[in-house]
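**Student:** Mind docking chain B on chain A? Use the hints.
Protein chains: 2
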Amino acid sequence: MERIVECVPNFSEGRDEKVVRSLVEAVEAVEGALVLGTHVDADHHRSVVTFVAPPEQAVEAAVRVTRRAAELIDLRAHAGEHPRLGACDVLPFVPLKGVGIGDCVQLAHEAGRRIWEELGIPVYFYESAALRPERRNLADVRRGGFELLREQIGTDPARAPDVGEPRVHPTAGATVVGVRPLLIAYNVTLKTADLALARRIARAVRERDGGLIHLKALGFELKTRGVVQVSMNLTSYERTNLHHAFEAVSREAERLGVEVLGSEVVGLVPQAALDRAAARFLRLENYSPDLVLENRIAAAVERKRKKS
Amino acid sequence: MERIVECVPNFSEGRDEKVVRSLVEAVEAVEGALVLGTHVDADHHRSVVTFVAPPEQAVEAAVRVTRRAAELIDLRAHAGEHPRLGACDVLPFVPLKGVGIGDCVQLAHEAGRRIWEELGIPVYFYESAALRPERRNLADVRRGGFELLREQIGTDPARAPDVGEPRVHPTAGATVVGVRPLLIAYNVTLKTADLALARRIARAVRERDGGLIHLKALGFELKTRGVVQVSMNLTSYERTNLHHAFEAVSREAERLGVEVLGSEVVGLVPQAALDRAAARFLRLENYSPDLVLENRIAAAVERKRKKS
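Going down the list, the sequences are from chains A and B.
In this text, residue positions in the first sequence follow my numbering: the first is 40, and each later residue adds one.
In this text, residue positions in the second sequence follow my numbering: the first is 40, and each later residue adds one.
Isolated chain A (complex conformation) (with noise of 0.2 Å):
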């Protein structure tokens, strides 16, 4: 695949398995449409499909997982700890490779209005897909959820969606939809059970407190383990990478007198992400992507092949 769309629908629904296996056959009937993983959530009564595809397929299986999710989950008897607007809830687009956050900010506003023609589920556009700037944040457009929004939706202009009219799909609902860069969801977990510890170390590495730049973090309890964590999103790794908010976590914690137990990738990371903090650590002067066998390799396989 030359140029890659991943998209990760978020869906109400996880306490069915046979909902989600049925979601996932709605992507991977698209043709060059591949779910990569599920994450499924009986406590938050949510999942999550991530799959990737060529720009023309990812709208395409974005809007099937739609309409399937709508045949089968009914949010009027739906309840979970989570806020929650739509059947397919939230629909965001990351580029990969070979696109940009303009490019997939177009497919979403493509798929918002195919979302809106052909399922009748009225659609609000968020983070760089926003049309307005008070819509950016996905918490401020979701608030209340369903309920709220099908009392106020018909009556209230500032909740009257981007694409369709003021009105919810009766059992669907509404659907969040937008483009964010990839992000690595990373934790490090501290060997102390003092929850402020872990959000003051939160507050001392991420960029909204002056932090690093590109970085989010929370502060967490592992109730089960005993323990606490920094749990972080990364949203610009190729500028702050694992090893950055690795070490800036770790300088703080030493700060502090606490010990760095380990850490954990949530979800998936890119490959580039891993060989810069390989690079780093071992203070690799001639990285470079084709120093890796594998690539080396694919790299002559392509080469061979064009030539014949």
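Derived from the structure by calculation, the hints contain no laboratory data.
Given the structure is predicted, the values throughout are model-derived calculations rather than measurements.
Some clues are possibly wrong.
Just so you have them, the derived chain B footprint on chain A, three or more residues with Cβ under 8 Å [said to hold, decoys possible]:
id, segment
1, 67-76
2, 275-285
3, 309-319
4, 329-341
Note that the Cβ used here is the ideal one computed from N, Cα and C, for glycine as well.
**Tutor:** This is chain B only, laid out in the frame that chain A set:
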């Protein structure tokens, strides 16, 4: 490619680029054989062509490139820094994927037989392909070079070839064929011009003198830069990896009051070596190859391909 063998023939030609290009063409004429790179050394009057292929094609390409070397290189006209026995001097096979050392030994023996039968060049087997324990070490097989072998081969039984009659090819000499594991050539540069110090650190870290297993190391001068290097071969990176070597050298350097300037990989490095180094430095508790986005995409492509 499901099964991949790497082959790293060394040739006694390092000044005429046209010869090297012709050698590359001889390899790539074989369907499935891919040249990953070449290294040409005018001082040593020597070159290396690195290629990969499925097992049978690796043997075919090895024989063809040895034939091309015999056609183009006249050893009687060759004088260089490096001791050598043949136009194609050394021919190591390296298991990369889906093959083991034993498989490659069979390939090496088959290549050796064909080199004698088709080209009239006597062959010696070394390292894991050796038929005699005293021939495991390449330096012992090559002692005295072409000129000395030419004198001794007919009369000294200790110098009789493993395949072929006891006479050198008049212009192509003899070829030493073997099997070795994938190795990583890795250097750490030190902020000093003191060669004795680099040698001391090399002795401290290498297996031979009680250091890390699967690690060879020597001290070298980089005269042009006015510094020294600990130059290493990692002969089993799954056990002794880049970060082990780096940390061992760094520790010794610190003990001796010398700063580490940086490091470099010479040639190619397998992806897994970098990934594991990153996972080690980041203290990643959940590293596995399918955490990596590109691997997950490749697996999904494969899975979908098999379904259809």
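**Student:** Next, verify each hint and record whether it holds.
**Tutor:** Evaluated hints:
With 5 residues bearing a CB less than 8 Å from a CB of chain B, the segment 67-76 of chain A meets the requirement of three and the coverage assertion stands. Residues of the segment 275-285 of chain A lying with their CB closer than 8 Å to a CB of chain B number 3, which satisfies the three-residue condition for coverage. Counting residues of the segment 309-319 of chain A whose beta carbon lies closer than 8 Å to any beta carbon of chain B gives 7, which reaches the threshold of three, so the coverage claim holds. Evaluation of the coverage hint for the segment 329-341 of chain A: fulfilled, as 9 residues show C-beta separations to chain B shorter than 8 Å, against a requirement of three.
Every hint from the earlier list agrees with this structure, and none is contradicted.
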